[in-house]
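K.L.:
Residue strings, one per chain:
Number of protein chains: 2
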Amino acid sequence: MSEHIVSRFDEELKDLARRIAEMGGLAERQVDHAMTALTRLDTTLARSVIDDDRRLDLLQHEAEEMAILTIARRQPMAMDLREIVGAIRISNDLERVGDLAKNIAKRVIALEGQFQSPKLLRGVEHIAELSLAQLKNVLDAYATRDLEQATEVRDRDGEVDAMYTSLFRELLTYMMEDPRNIGFCAHLLFCAKNIERIGDHATNIAETVHYVVTGELQLDERVKQDASSTTTVAFEG
Amino acid sequence: MSEHIVSRFDEELKDLARRIAEMGGLAERQVDHAMTALTRLDTTLARSVIDDDRRLDLLQHEAEEMAILTIARRQPMAMDLREIVGAIRISNDLERVGDLAKNIAKRVIALEGQFQSPKLLRGVEHIAELSLAQLKNVLDAYATRDLEQATEVRDRDGEVDAMYTSLFRELLTYMMEDPRNIGFCAHLLFCAKNIERIGDHATNIAETVHYVVTGELQLDERVKQDASSTTTVAFEG
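Protein chains in written order, with full-length UniProt numbering: chain A, 1 to 237; chain B, 1 to 237.
Careful: at least some of the hints might be erroneous.
Said to hold, decoys possible - Coverage of chain A stretches by chain B, computed from C-beta distances (three or more under 8 Å per stretch; other residues unrestricted):
no., segment
1, 27-34
2, 66-74
As the list claims (entries may be wrong) - Chain B regions said to be covered by chain A (calculated; three or more residues, Cβ under 8 Å):
no., segment
3, 99-108
4, 172-186
5, 189-200
6, 209-216
Please keep in mind that the hints were generated in silico from the structure rather than gathered at the bench. Keep in mind the model is a prediction, meaning the values are calculated, not measured. Here a beta-carbon is modelled for each residue, glycine too, at the ideal position from N, C-alpha and C.
With the hints as constraints, model all of the structure from the sequences given.
P.N.:
Set out below in structure tokens:
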């Protein structure tokens, strides 16, 4: 490639990276706001989360288009190709994180005026803190191409899953104790699941960082500790 | 492009299309088997769905890699580029459909030996039939590049969503009527949600067909009728 083309290519890569960074910041903020809206049952904040999701969808489409056009125009070498493929994958994950935050926000609106007991929210807050930390850490790992930090995120996904499994049991127990909790807890079950899935996306991003840096895929190796799909809670009424 | 290169390129496109067709068939079968496993509470079949999901994950990674390399090597024109980008998007959706089928299968295993009433399953069967039909139709639409059929799938997504919202209410009502239903119904809530999301992926694929054929994106237009996230069910105990 001539110097001129190289510098245009570098410009495109930088532009793509900026877009992913913007998406990362926005996704983090959306999750944070959705959780604040949930714990304070703040429907105004919930509505702003719902509205702001469009921005993430748009950025994702733009990032994907930009990435594909860069590949088509520049025929990049393997290392640069990995960078671009990594950007596409991460923008997909961040867009889905945004969808999950939006879904939590929608449930905040559903919960308005329902019977609710603050203790029911405590477990959800807990898992949300961990998932959000995972998301922040993996975005840092991506920004600095820090393989060690990415591996740490991937290794800690089991904690999120284990926390979710125990929360699933806990919420079912509350439902059995007092049927007035059922409506509230059903929505909290989905919020908890959404938060667990945000953790999964953090892990996907960690695997993408690994792929970008090393060129290796990490298929089938992940240890799944989310046992909630196979969890039985006996009725003890 | 020379004739030689053109024919190699056509070969690559056909190869990619074959892989997507294989993924489509497999995803359909996985959803079908997961639902049969659920309605018959057949844990053997459920386990085979869980095992077979790896094949879809692998195919998706291969399709993505093949697509990206084709773009990088051949610098395709706009129309061909859309074909390839479409294939990447559809393979992503199909891989996620497979994950949702796998999650239903996992819940079948959790439901073994639990208190269960067959009437609880009826609504879930119903929505599954519709979602599976949506998936079949959109894969047909993709295979034949049938814009009309794709639009029909997109338009019918509201039916899936509306059915899910009423099923959500119904399952909550069963939980309130008899706390012994809570464990079973909690898993069914997630199964129903998974099925509704399979319908969403069918709609995504319909939008991709539209994009491949026309070059236009269909952002922000979709009418969302899934009101379950904002549905309140009062306790009437």
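K.L.:
Are the hints correct? Go through all of them and say.
P.N.:
Here is how each hint holds up against the structure:
no. : hint    : verdict
1   : 27-34   : violated (count 0)
2   : 66-74   : holds (count 4)
3   : 99-108  : holds (count 3)
4   : 172-186 : holds (count 8)
5   : 189-200 : holds (count 3)
6   : 209-216 : violated (count 0)
Violated hints for the displayed structure, listed by number in ascending order: 1 and 6.
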